[in-house]
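Protein sequence lines, in the order shown, are assigned to chains F and C. Numbering (our numbering) for the first sequence: 137 to 783. Numbering (our numbering) for the second sequence: 32 to 93.
Read the hints as simulated data drawn from the structure, not as lab findings. For every residue, glycine included, the Cβ atom is placed at its ideal position computed from N, Cα and C. Take these hints with a grain of salt, some might be off.
As the list claims (entries may be wrong) - Here are the simulated lysine to any residue pairs, SDA-like style, with alpha carbons at most 20 Å apart:
hint	chain 1	residue 1	chain 2	residue 2
1	F	Lys519	F	Thr537
2	F	Lys494	F	Leu479
3	F	Lys585	C	Leu45
4	C	Lys65	F	Gly665
5	C	Lys34	F	Pro576
6	C	Lys34	F	Gln248
7	F	Lys695	F	Lys585
8	C	Lys65	F	Val710
9	F	Lys585	C	Lys34
10	F	Lys262	F	Lys519
11	F	Lys472	F	Asp402
12	F	Lys585	C	Tyr37
13	C	Lys34	F	Val748
14	C	Lys34	F	Phe588
15	C	Lys34	F	Glu689
16	C	Lys34	F	Arg577
17	F	Lys585	C	Leu40
18	C	Lys65	F	Asp670
19	C	Lys65	F	Glu663
20	F	Lys695	C	Thr62
21	F	Lys695	F	Val611
22	C	Lys34	F	Gly582
23	C	Lys34	F	Ala752
24	C	Lys65	F	Asn664
25	C	Lys34	F	Ala592
26	C	Lys65	F	Gly666
27	F	Lys204	F	Thr246
Stated by the list, open to error - Per the computed footprint, the stretches of chain F lying under chain C, defined by three or more beta-carbons under 8 Å from a beta-carbon of chain C, are:
hint	stretch
28	657-665
29	728-734
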Amino acid sequence: MTGRTAVCPNCGAEITFRWSGAVQTTCPACHSVLVRHDVDLERVGAVGDVPLSMSRIQLGTEGSYKGKPFVAVGRIVYEYERGHWSEWHIRFGDATSAWLSDAQTEYAITTQVENPGTLPAAGTCKPGQQLTLPGGSYSVAVITHALYSGVEGELPFEYWDKLQVEFVDLKGSGDRFATIDYSDDAPVLYTGEYVTFESLRLKNLRDPAADEGPQIAGVKGLNCPQCGAAIEIRSGHLAQTVVCPSCTAILDARDPNLAVLEKAQDRLNRATPAIPLGTSGVLGNERWQAIGFQLRGVVVEGVTYSWREYLLWNAEHGFRYLTEYDGHWNDVVVLKGAPKETLIDGRRQAEYDGTVFKHFQSANAETLFVLGEFPWEARTGDKVEDADFVAPPYMLSSERTSDEVTWSLGTYTPPEKIAQAFKLPPLPTPRGVFANQPNPRSGAAGALKGTFFLLAAVLLVLAVARFMTARNESVFTQSYEYGGSGDTAAYVTPVFTLGGHTSNVELDIRTSLSNAWAYYNLALLDENGGPGFDFGREVSYYFGVDDGEAWHEGSAEDKVVLPSVPPGRYYLRVALDRDAGAGPFSYTLAVKRDVPRIWPFLAALALLAVPVLFSAFGSVNFEYNRWRESDHPWVTTSSDSDDDDDQ
Amino acid sequence: MNKTFYLILGVIVLATTAAAEWRGWGMTSVTEVKDVPRTVRNNPGSYRPHYMFLGSSFRRGK
Chain F
137 MTGRTAVCPN
147 CGAEITFRWS
157 GAVQTTCPAC
167 HSVLVRHDVD
177 LERVGAVGDV
187 PLSMSRIQLG
197 TEGSYKGKPF
207 VAVGRIVYEY
217 ERGHWSEWHI
227 RFGDATSAWL
237 SDAQTEYAIT
247 TQVENPGTLP
257 AAGTCKPGQQ
267 LTLPGGSYSV
277 AVITHALYSG
287 VEGELPFEYW
297 DKLQVEFVDL
307 KGSGDRFATI
317 DYSDDAPVLY
327 TGEYVTFESL
337 RLKNLRDPAA
347 DEGPQIAGVK
357 GLNCPQCGAA
367 IEIRSGHLAQ
377 TVVCPSCTAI
387 LDARDPNLAV
397 LEKAQDRLNR
407 ATPAIPLGTS
417 GVLGNERWQA
427 IGFQLRGVVV
437 EGVTYSWREY
447 LLWNAEHGFR
457 YLTEYDGHWN
467 DVVVLKGAPK
477 ETLIDGRRQA
487 EYDGTVFKHF
497 QSANAETLFV
507 LGEFPWEART
517 GDKVEDADFV
527 APPYMLSSER
537 TSDEVTWSLG
547 TYTPPEKIAQ
557 AFKLPPLPTP
567 RGVFANQPNP
577 RSGAAGALKG
587 TFFLLAAVLL
597 VLAVARFMTA
607 RNESVFTQSY
617 EYGGSGDTAA
627 YVTPVFTLGG
637 HTSNVELDIR
647 TSLSNAWAYY
657 NLALLDENGG
667 PGFDFGREVS
677 YYFGVDDGEA
687 WHEGSAEDKV
697 VLPSVPPGRY
707 YLRVALDRDA
717 GAGPFSYTLA
727 VKRDVPRIWP
737 FLAALALLAV
747 PVLFSAFGSV
757 NFEYNRWRES
767 DHPWVTTSSD
777 SDDDDDQ
Chain C
32 MNKTFYLILG
42 VIVLATTAAA
52 EWRGWGMTSV
62 TEVKDVPRTV
72 RNNPGSYRPH
82 YMFLGSSFRR
92 GK
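The following block holds chain F by itself, in its conformation from the complex (with noise of 0.2 Å):
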């Protein structure tokens, strides 16, 4: 990696030249920023020393990028509300060079676009707001009013005595990203894409443990000014605020005295995190460490709904988040890409990875109470535009400010595993339904409808072949004349036979019984002795007109099936009762052998849908619930509509 050197013509040291398309330089030695004309170096200025910083790239670092391998020749470090970010100018080996970003642990690399066509002026984008710009369609994600904060190494054009500079971040589909960059007169357009610590192959990068003193990453041990009690910082250079954990004074964490931002926080939201601050935990391959909690909340018709955030931190992999809410717990990582808003019968819908999240709930969300450190300035009543949008088990959230928009990915988490993630003792059961819980019946009665419809066809299968081969055999019929009152004398019939396997017995009662009744006492009894059957039938039949209206109740015919008669010669016997002084009547009496009966099917079909519809309930009822507490319940009550009109 040597290259042309120079001498320094303000103290002499020699300059050495990674790229030999470098604009401007600065003297390692005496920090003057040095341009080039032709061949001489010409003093501009001088820059203080570059602010320390959390990344671990430095000049000299090498590294590869689709397959080309590049090395970092210079830097320019910006500083904003949330601490600094470097760009890294690295140069490929075919002599052409891009940017590396480095803001807090994360990385993008862009190239300026020649002829990018007309760019929105400064000052004119919003959060949210569509461009299409060469390259494809962005959205604007964060709009940066950074102050210009240091340079060292090569750079391609001359850059050294900026102040103020407005940034433009736009995030597109997948990992693509781009800068609108409005420090010159005519704004550039950079673009390019995110890409991981790990894509990257880093060699020669900066050891953190050279770093002096408390500015290094790691436990940092301070005392509060207010109340004096230990605070320590486990983010490095990367905290921009701090909470006392005794007083609950909010610190600036930049400041070497730690200045008091907030004087102690509200004792009744103060909250008690779950998983303590500086508990380390493993979540899918790497270790987090719990540095920040948040209470956070939302207020409807005066009643606040909180949840409780944590900030995890990890030294390669930056932040991620761990959110609950009576006792659900979520994953949520924040994303890079911007997901595809759109309307759909008018209601709002992301897409995001091919997946659809539909929207749940918009609200005003405010920070309630704060704990440990944060990369940006976390303060009680911080305000943001909540919209939560969901695809069970995952939940997109935006959180809009006036110059901020970003996206977020949480993946429903069970409470067990984040106890067994951090070693914790049993957290809560989960209370209710949560907007992205998976849903445990989802699924479950379509993966039981396939066994049922084939049930049914066997069902249906058994009961044309019962009514295909059932006897359903006439083996008695005789008709009888009933005198009247007091003809109440037992008689038998004759003898006849039940042939077949045990099977029922059909008896048919017609009678022309007409404003009476008859009881009949009967007894199926075999024609050698032995046992019998003994059962009874009231007949009656009752009708006329009462005030022009027609009526009747009862039936002159009656109809029993004996269960289960062995086969044998059979007589009945048969005795009648009737009221006193009531007139003859005639009745037959007719019986069938082995009748086939649609009932226990039809019963045995219910029975088999009693599971799919028991799971279809479970898993509508599971819905229901979940979309109760959304901004698109089910069914929609006068508070439900006043909720709306809150939000």
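Start from chain F and add chain C according to the hints.
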């Protein structure tokens, strides 16, 4: 519900239904009596049925 469990339950329901139809099982209230003498046929009045008539429940129209 587990699919296999449901299938087993369904097979039991089908088998029970088939057996019920084949054997003529039913829910009619019938009293099975034992050792009825064969002389009943010759003297029907000697038989004492288990179903005792308590009178009609119908009142309307009378």
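Hint check:
no.	hint	verdict
1	F:Lys519 <-> F:Thr537	holds (8 Å)
2	F:Lys494 <-> F:Leu479	holds (10 Å)
3	F:Lys585 <-> C:Leu45	holds (16 Å)
4	C:Lys65 <-> F:Gly665	holds (9 Å)
5	C:Lys34 <-> F:Pro576	holds (15 Å)
6	C:Lys34 <-> F:Gln248	violated (59 Å)
7	F:Lys695 <-> F:Lys585	violated (37 Å)
8	C:Lys65 <-> F:Val710	holds (18 Å)
9	F:Lys585 <-> C:Lys34	holds (10 Å)
10	F:Lys262 <-> F:Lys519	holds (18 Å)
11	F:Lys472 <-> F:Asp402	violated (35 Å)
12	F:Lys585 <-> C:Tyr37	holds (10 Å)
13	C:Lys34 <-> F:Val748	holds (10 Å)
14	C:Lys34 <-> F:Phe588	holds (10 Å)
15	C:Lys34 <-> F:Glu689	violated (48 Å)
16	C:Lys34 <-> F:Arg577	holds (13 Å)
17	F:Lys585 <-> C:Leu40	holds (14 Å)
18	C:Lys65 <-> F:Asp670	holds (10 Å)
19	C:Lys65 <-> F:Glu663	holds (13 Å)
20	F:Lys695 <-> C:Thr62	holds (17 Å)
21	F:Lys695 <-> F:Val611	holds (15 Å)
22	C:Lys34 <-> F:Gly582	holds (10 Å)
23	C:Lys34 <-> F:Ala752	holds (14 Å)
24	C:Lys65 <-> F:Asn664	holds (12 Å)
25	C:Lys34 <-> F:Ala592	holds (15 Å)
26	C:Lys65 <-> F:Gly666	holds (6 Å)
27	F:Lys204 <-> F:Thr246	holds (14 Å)
28	657-665	holds (count 8)
29	728-734	holds (count 3)
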